[in-house]
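Engineer: In case you want the letters, here they are:
There are 2 protein chains.
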Amino acid sequence: MPIEKALVVGTGLIGTSAALALREKGVAVYLSDVDAHAVRLACELGAGQEWIGEETDLALIAVPPHLVGERLAGLQKEGAARAYTDVASVKADPIADAERLGCDLTSFVPGHPLAGRERSGPAAARADLFLGRPWALCPGNETGADALRLARELVVLCGANVVTVGAAEHDSAVALVSHAPHVVASAVAASLAGGGDVPLSLAGQGLRDVTRIAAGNPLLWRKILAGNALPVAGVLDRIAADLASAASALRSGEWDDVLDLLRRGVDGHGRIPGKHSGPVRDFAVVQVVLRDRPGELARLFNAAELADVNIEDIRLEHSTGLPVGVAEMSVRPEDTGKLAEALRFHGWHVPPVPR
Amino acid sequence: MPIEKALVVGTGLIGTSAALALREKGVAVYLSDVDAHAVRLACELGAGQEWIGEETDLALIAVPPHLVGERLAGLQKEGAARAYTDVASVKADPIADAERLGCDLTSFVPGHPLAGRERSGPAAARADLFLGRPWALCPGNETGADALRLARELVVLCGANVVTVGAAEHDSAVALVSHAPHVVASAVAASLAGGGDVPLSLAGQGLRDVTRIAAGNPLLWRKILAGNALPVAGVLDRIAADLASAASALRSGEWDDVLDLLRRGVDGHGRIPGKHSGPVRDFAVVQVVLRDRPGELARLFNAAELADVNIEDIRLEHSTGLPVGVAEMSVRPEDTGKLAEALRFHGWHVPPVPR
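So the protein sequences, as listed, match chains S and U. As numbered in full-length UniProt numbering, residues 1 to 355 make up the first sequence, in order. As numbered in full-length UniProt numbering, residues 1 to 355 make up the second sequence, in order.
Quick caveat, the hints were computed from the structure, so don't treat them as lab data. Worth double-checking, as some hints may not be accurate.
[Claimed, not checked] One side only, chain S facing chain U, incomplete, derived with CB under 7 Å:
hint	residue
1	ASP128
2	ALA173
3	ALA190
4	LEU207
5	ASP209
6	VAL210
7	ALA214
8	ARG222
9	VAL235
10	ALA247
11	VAL258
12	ARG263
13	GLY295
14	ASP313
[Unchecked claim] The calculated DSBU-like cross-link candidates involving lysine-lysine, where the alpha carbons are at most 35 Å apart (straight line), are:
hint	chain 1	residue 1	chain 2	residue 2
15	U	LYS5	U	LYS25
16	U	LYS338	S	LYS25
17	S	LYS25	S	LYS77
18	U	LYS77	U	LYS5
19	U	LYS25	S	LYS338
Glycine included, C-beta positions come from ideal geometry on N, C-alpha and C.
Sequences are here, hints too, so could you generate the full structure?
Structural biologist: Structure representation (structure tokens):
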């Protein structure tokens with residue numbers, strides 16, 4: 001039996017976005033939040049109607065990690081749904097809370113949609129927030145088949161991709177690919193605080209990329225890191241050790257140790273899935289110089305469209321000073337000649353694309 | 001007296017690009033390289049003619065850092081130019097070599113154009129490689145006024161922005177904003193090598209940003225790091241110490257120490273100049289969902305052009321799975337309403353832009 005009625009508890013960005021996605025699929029959605037304003041706003045956004053105790057097929061608990069357990073216990077007492085899932089970015093602690101509070105674990109499927117956004121709140125919600133994103137589901141031994149089926153259906157209705165993984169493995173995974181990298185980006189950015197402006201006037205795109213996520217909300221990230229402290233600490237220790245070794249290798253002139261780290265970095269980078277799970281480096285890059293004026297990108301992409309070339313990715317490389325930038329367009333290697341030719345035909349300066 | 005004749009020694013990416021820029025400005029350019037093929041290719045690209053000993057106004061020495069000193073000594077013996085400058089990414093060692101070899105330091109202006117590209121060789125050269133980029137000049141006490149004037153003129157002719165800075169300060173600066181961040185990105189990427197694929201299936205844009213530069217050529221970067229070893233080691237030690245402290249703070253639950261690092265990261269990130277020296281965060285972000293098909297970006301930017309809104313920056317946020325992406329367009333805050341309205345009018349889904 002599919003999901004006909006869903007309950008969303010916590011109408012923040014994630015909860016409201018899921019509610020909007022379910023509404024688009026014709027599911028009856030009921031909304032609940034301790035903040036009456038948030039519920040009203042979510043209702044006004046068309047995310048559903050306020051919950052007044054209706055029984056539902058599935059309840060999505062979209063509250064902060066430390067509140068998941070008690071909210072689950074309360075909802076199960078009320079018999080709010082046949083199955084329950086949450087969206088906490090860490091899984092071990094909420095599951096432990098649920099056990100401690102005597103929740104029924106057969107109807108609970110721990111979950112985590114990986115839909116990172118800098119913004120928050122129902123106003124930032126969108127039905128397509130989860131489109132094509134991974135959504136981890138972490139069933140345990142006790143998890144019932146019916147609950148897991150309903151949770152999977154929720155993920156599919158939201159347009160996300162189910163990644164089934166154990167809770168502990170999930171927490172180690174997000175420590176590795178998200179939480180620890182955030183701390184590292186913060187440490188690199190922190191090394192820029194204080195000191196003069198001359199060094200920063202020599203900064204390029206690489207530094208901006210490495211430090212971009214360091215702009216995230218510190219209070220929010222303290223919570224996230226606190227909830228996954230040990231796995232994150234483990235990854236940070238390994239990275240700190242690599243950096244300390246690199247520093248001493250540089251001091252003692254052991255260049256091959258430095259080379260080894262750089263090579264391991266190339267290998268690791270190559271393992272990161274790019275768009276559509278294809279490795280990023282499978283694309284060739286075509287560069288073109290842009291003037292900084294309205295319509296420049298439109299002209300560029302019109303030329304690309306005439307060549308019937310699909311731009312897989314684009315990066316605008318900015319620089320302090322003159323109002324120009326370099327657009328780096330990633331395309332399928334076999335399309336580079338076609339695109340470069342078309343752009344040159346339309347008067348763009350396109351340097352030779354290296355083999 | 002302005003630059004009428006220039007000599008470019010070393011016709012790789014940097015030398016050939018500078019030669020092309022000078023040619024566009026009507027400067028007579030002579031080319032020299034130990035690799036006869038490289039010279040011929042540069043000539044065929046229109047970068048100038050092969051040097052056979054003509055006297056010139058300025059010689060640009062675009063050879064690897066460890067060869068700058070001896071090349072400078074040789075050229076000065078031949079009286080090849082009135083002034084000399086180089087492009088080495090580190091400055092202290094080449095200057096020390098020049099002194100050791102008894103070069104005339106009054107006619108030598110150490111320089112470093114910050115035009116980062118993954119590619120190399122004359123085939124990748126472009127006259128606009130330096131457009132709007134910083135170009136460090138590191139005159140010493142001995143540097144003559146005429147030589148400095150000619151070096152500045154070269155930078156201006158290449159369309160770059162002069163950043164005058166002492167050699168030692170330059171090397172510390174690039175260690176801070178370029179060399180150390182590269183090693184850190186490698187260490188984060190290296191932490192992904194080995195292990196299963198599940199963690200990587202949960203990777204998002206943030207990890208791709210942090211590790212992008214880790215894809216750089218390890219042999220090239222070993223050279224760069226070896227040439228600036230001590231300043232880089234100093235920065236790496238500070239970052240490693242911050243990460244080790246964060247790890248132990250996470251283990252002992254000292255969340256405020258973690259918060260302090262995150263806050264210092266936000267401060268440091270805010271100091272990085274964005275496009276046109278304006279801080280990146282001065283722009284507001286408008287998001288829109290893209291289908292993965294040719295012409296999609298053209299349609300998007302046509303709509304933006306009709307609204308007469310200038311896209312300051314764009315980021316395509318990809319995700320494994322469905323063929324869709326989210327385009328995040330940075331625009332001046334006062335343009336967000338206008339752009340969102342125009343995009344919605346043309347049928348795009350644009351979520352509310354948070355204040």
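Engineer: Which of the listed hints are not met by the structure?
Structural biologist: Going through the list in order, the structure violates no hint and respects every one.
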